[in-house]
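Q: Now for the letters of each chain:
There are 2 protein chains.
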Amino acid sequence: MTAVWESLTVDARDPGRLARWWAEALGYQVVNEGPDEVEIRQTADRLPGIVFVPGTAAKAGKNRLHLDLRPTDREAEVERLVDMGARHVDIGQDGDDWTVLADPEGNEFCVLRQRGN
Amino acid sequence: MTAVWESLTVDARDPGRLARWWAEALGYQVVNEGPDEVEIRQTADRLPGIVFVPGTAAKAGKNRLHLDLRPTDREAEVERLVDMGARHVDIGQDGDDWTVLADPEGNEFCVLRQRGN
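Chains as they are written, first to last, in the numbering used here: chain A, 1 to 117; chain B, 1 to 117.
Quick caveat, the hints were computed from the structure, so don't treat them as lab data. Please note that a few of the clues may not be correct.
Residues from chain B that keep clear of chain A, each with C-beta distances beyond 12 Å, as calculated [stated by the list, open to error]:
| # | residue |
| --- | --- |
| 1 | A3 |
| 2 | V4 |
| 3 | G16 |
| 4 | R17 |
| 5 | R20 |
| 6 | V31 |
| 7 | L47 |
| 8 | P48 |
| 9 | D73 |
| 10 | R87 |
| 11 | H88 |
| 12 | D90 |
| 13 | G106 |
List of simulated lysine to aspartate or glutamate pairs, EDC-like, C-alpha gap at most 16 Å [as the list claims (entries may be wrong)]:
| # | chain 1 | residue 1 | chain 2 | residue 2 |
| --- | --- | --- | --- | --- |
| 14 | B | K59 | B | D14 |
| 15 | B | K62 | A | D45 |
| 16 | A | K62 | A | D90 |
| 17 | A | K62 | B | D90 |
| 18 | B | K59 | B | D97 |
| 19 | B | K62 | B | D45 |
Far from chain B by the CB rule (all over 12 Å, computed), these chain A residues [unchecked claim]:
| # | residue |
| --- | --- |
| 20 | S7 |
| 21 | K59 |
| 22 | D68 |
| 23 | R74 |
Here a beta-carbon is modelled for each residue, glycine too, at the ideal position from N, C-alpha and C.
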């Protein structure tokens, strides 16, 4: 290995706002905040982080990359995220194994079944 | 925190091939391979993994999410990745801080500067 996966970068209309939204969603902390990027990590030295940068391109279709979250209680977690501003999206993939949501900027992500179910 | 970031999912024309490409790129291992998905992780219990699933939608513009790799030697790492089949892409972001490449299915990613430079 000659490189490590340092971060996932997300283009955002409002990087600071979206970074804080994801920090709350994941229980992450903001570890770096500047005019050009805001980075969140689980802990300061835990990789990969998620970096939010300015991007103004209109969203075109479903993202090819998306995050999957593993909840301890899916129903409660989906409710919590929707209360935070996520919305349900139907991209023909909703099933018993996951619930598809979108963050406040429309980025799709999945809430998986809790382990053991 | 009521959910963990379990994985990053990537839509791929050829999930198995792209999974093995990224496993080689990152020094990851295939931890799960089925007809519907192939998952790679740094080690079996290290999250997040990267999951490759079938997806046939044509790529529309630059991905809104992309990976950033931190190399020990950027020049050597870029050469290694290009030898593996990555290609340079110009999305107006090439700078001294990172080199933009695309994987064999066109997903953009960045090779950052090595630490200390």
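Q: Which of the listed hints are broken here?
A: Per hint list: 1, 2, 7, 8, 9, 13, 15, 17, 18, 19, 20, 21, 22 and 23 violated.
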